[in-house]
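J.: Below are the chains, spelled out letter by letter.
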Amino acid sequence: MLLAWPATADQGDVGRGSTLANHGKTVSSGPTNAVPPCRNCHGDRGIGDGSGAFPRLTGQLAFYAYKQLKDFAADTRPSPVMSPIAKALSEQDMQDVAAYYASLKGPLFPLPVLDPETVRRGGMISAAGITEKQVPACITCHGEAGAGMLPIFPYLAGQYASYTQYQMDAFRLGRRNNSPLGVMTEIAKKMDEDDINAVSQYLASVRPPCDCGEFTSSAGPASAYVAPPLLENRAGK
Amino acid sequence: MTLRACRAVAAVTMLLAASIAQARSPDLQRGREIAANGSAEGAQACAACHKLDGAGDTSGAFPRLTRQAGFYLYKQLKDYQTGLRDSQIMVPIAQRLSEDEMQDVSGYYASTSAPFVPPSPGDNRSIQYGGVLSALGSAEKNVPACVNCHGQAGAGIPPSFPYLAGQFARYTRDQLAAWKDGSRRNDPLNVMRDIAARLGSDDVAALAEYFAHAWPPDGSNQARIGR
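Note that the protein sequences, when read in sequence, are chains A and B.
Quick note: the first sequence uses the numbering used here, first residue 1, plus one each step.
Quick note: the second sequence uses the numbering used here, first residue 1, plus one each step.
Treat the hints with caution; some may be incorrect.
If you want a taste of the chain B side facing chain A, the calculated C-beta under 8 Å gives, among others [as the list claims (entries may be wrong)]: (1) P118; (2) P119; (3) S120; (4) P121; (5) N124; (6) R125; (7) Q128; (8) V132; (9) A135; (10) Q152; (11) A165; (12) L189; (13) Y210; (14) H213; (15) W215.
Simulated from the structure, these hints should not be mistaken for laboratory data.
Even glycine gets a Cβ: it sits at the ideal position worked out from N, Cα and C.
Given the sequences, and given the hints that come with them, work out the whole structure.
T.: Laid out in structure tokens, this is it:
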């Protein structure tokens, strides 16, 4: 049951997924409701907007992303935002959009200043678990340094701390209940807020093993900037 | 309703703009001098509070001005000058700036590139809730999505709509409170006053927290903000 991989989940059409992710779906393109472009919230290439309000999707395992859409639609992972969207997607749409995000690379936003002691503690939880609380190491399933493990375990490395923390809380408090065999619910319930905070900050700090690159600011000297009249002044020109 | 209101605001500000600002390119060097040293009429140096690169300081008492939409900055100065926007600090300063000086200094700050230092991790529930409220609004409260007018992830839509992404939480919170209690009233068509009136203090706090953590437009994220 855990490995109920649909025959076609790895056959999503990346091109079709790209159209859906970047342009959404109008009512005329199907029998269901319109779908806003994923990028409106999840950003260009799924990198998010730096805030962590919306998870990073870039390069996420296709089956995991697909399963989350299924679960949003089935309300086993209820979300006021994602459930209506997922319900308006066809089976094929879900596979395509998941395949699209799985195919991408994209930069990571620079990290805020974090408390090194907290990050270290999070690293220990991730690598070794918390013996006295019977919390297993994250890496057991999520792969070395949280890089994810095929076919079903999402990467956590480089994911926004605020998102990870929020999801762990959701598991712990029963708002999210869609992990196979309830594994994540069981783990999250054994962790307290400090544990979750530490592990989230650690995982956000790990850079996934891809040549994603850092999001760099192209801040240049003001003198290099040619001023247009104020009315045409566009940010970032 | 919301997109229409958005377009109406844009139209009104453009009309206003056409009536006050000639098609003149701001003199950035002069703008920089005013920012650094103040004006001949005795306006204080902007840099004293906003810093020369417009980064402000982490207190959030002074808004981040770096790369803010130039026309928006100009309009705020104009509104301080005419008393449409109140501030014990900014009104006397704006009154000591000439029309050209306001344009120059606005153009200057629109052109600067201060680095963005991401704030330390905030309250994750607020960030999540604020992000959703910004992206979708609230049908229940009849609040439109912030992104309708302020652009994707609050990146701003120049010339009229300022960016919110990367703005200090305290400043955003204070301004929403000011729209709500009517002490700030320089929005075209009452748009911000109407919206703020329908926001609870939790909504305001969440939006401010979310925008403070979202990456501001800095010229390197054209693809991200879709322009």
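J.: Take the hints in turn and mark each one as holding or not.
T.: Here's how the hints hold up against the structure:
no. : hint : verdict
1   : P118 : holds (4 Å)
2   : P119 : holds (6 Å)
3   : S120 : holds (5 Å)
4   : P121 : holds (6 Å)
5   : N124 : holds (4 Å)
6   : R125 : holds (7 Å)
7   : Q128 : holds (5 Å)
8   : V132 : holds (5 Å)
9   : A135 : holds (5 Å)
10  : Q152 : holds (6 Å)
11  : A165 : holds (7 Å)
12  : L189 : violated (19 Å)
13  : Y210 : holds (6 Å)
14  : H213 : holds (4 Å)
15  : W215 : holds (3 Å)
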